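S.K.: The primary structure of each chain is shown beneath.
Number of protein chains: 2
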Amino acid sequence: MPPETLTAERILETTEEVLRRYGPAKATVVDVARALGVSHGSVYRHFRTKAALREAVTQRWLDQAHAELSALAEDGGRPAQARLRAWLEALFAAKRRKAGGDPELFATYMALTEEHSSVVAEHVAVMVGLLTRIIRDGAAGGEFAAGDPEAAAQAVWDATVRFHDPAYAAEWFTPGIDAAFSAVNDLILRGLRA
Amino acid sequence: MPPETLTAERILETTEEVLRRYGPAKATVVDVARALGVSHGSVYRHFRTKAALREAVTQRWLDQAHAELSALAEDGGRPAQARLRAWLEALFAAKRRKAGGDPELFATYMALTEEHSSVVAEHVAVMVGLLTRIIRDGAAGGEFAAGDPEAAAQAVWDATVRFHDPAYAAEWFTPGIDAAFSAVNDLILRGLRA
DNA sequence: GCGCTGACAGATTTCAATATCTGTCAGCGC
DNA sequence: GCGCTGACAGATATTGAAATCTGTCAGCGC
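Taken in sequence, the protein lines are chains H and Y.
Here full-length UniProt numbering is used: position 193 in the first sequence is 193, and no number is missing along the way.
Here full-length UniProt numbering is used: position 186 in the second sequence is 186, and no number is missing along the way.
Worth flagging that the hints you see were computed from the coordinates, not collected in a lab.
A quick note: this is a predicted structure, and the numbers were derived from the prediction, not measured.
Beta carbons are placed, not taken as given, at the ideal position from N, Cα and C, and that holds for glycine.
Some clues are possibly wrong.
Claimed, not checked - On the chain Y side, residues computed to face chain H include the following (Cβ under 10 Å): (1) Ala159; (2) Trp172; (3) Phe173; (4) Pro175; (5) Asp186.
Taking the hints into account, I'd like the entire structure generated from these sequences.
M.R.: In structure tokens, the structure reads:
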């Protein structure tokens, strides 16, 4: 059906399928090439290394999350407190959805996290950037204490680590996690208030 | 030199030495027995399984931390805010000291954490209990908002996970960690205030 | 009697031989 | 010319046989 030209995009789609089927430990570049009906040399024409290929898949996957969360962060109309709470809830919900619905891709993302990949570092930077925007808005509007918004955003990120770091994914499906999450949320929001 | 009677205590001391020397992955019950100059059957006379032996070593090791932190938590004379800050700082300092000074024993503790050992669960419960005491005192004295002190203590524990969960030990020695730690501390303390 | 030993079964780990994979590149064929 | 192939070297993973370990227990010796 698709003997079309081999593009980076088509390789990424197939790599996702292969990762979903075999998991990050078993999926090989040869598997991807086989699924595409090409030699593995052709894959290396588009991605210099296997690590680069995995990073690109993760990048693509993380970018989906950015769209939704950007929208929430930029909605300047709503009070910053409500926006921050909604943002943190959306983040947790998205992560939980990914962890439960795409376990193999999520495992890939976890592996990258442990490798200190620049893609993950970039993702964290973007996320903290979105938090910074909300907190800056809140400080400008008098809702939040006017300190260093960037430092505050980093502190919020650090304090909610248990609810977005993939290392804790196993705990996201245990009873009581929602109560724990809102308790931390409340604490943080009170801490930010002017 | 010590052909004295074989006691649980003597076994634990030797197990610590063996763990320090070989690390949790390599240390075996046979190694411990050899170091003690007895057969490994004798070790099983005092500890039913290898897991029980490792748990006991970890227990002993965690108990050292309890003493210092208990004293800080119970010093009713000082303001709760200062006490909480000092407690969290002492916790972080102690963990960091253990991680750096006793890497092999720390790895054992980490392995147990991943196994969901009851010893670690118990340790966490004790720690949250100490936090609860400080927060309850603070609420009674009007320093902290009077909510559910136990839930608040759990939230504080969760929000500081990055600074006491052994999974993050590698980050405890990176530059900027102290600033991140005090930013989270400040956020939490502001959040607790009445 | 009582604590220890040491042999044992089954589970786990180690090790080395083998197979597979990653990344490169000369050259084929459109 | 240009994108793809497929053979190749070195690195990594798999496999199965051998070694070691865990946990048990009958019996030795003090």
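S.K.: For each hint, tell me whether it holds in the structure or not.
M.R.: Hints, verified against the model:
1. Ala159: Status holds, d = 4 Å.
2. Trp172: violated, 13 Å
3. Phe173: Violated, because the Cβ-Cβ distance from phenylalanine 173(Y) to chain H comes to roughly 14 Å (cut-off 10 Å).
4. Pro175: Constraint on proline 175(Y) not satisfied, violated at 14 Å.
5. Asp186: Holds: closest Cβ of chain H sits about 7 Å from aspartate 186(Y), inside 10 Å.
Comparing the model with each numbered hint stated earlier shows that hints 2, 3, 4 do not hold.
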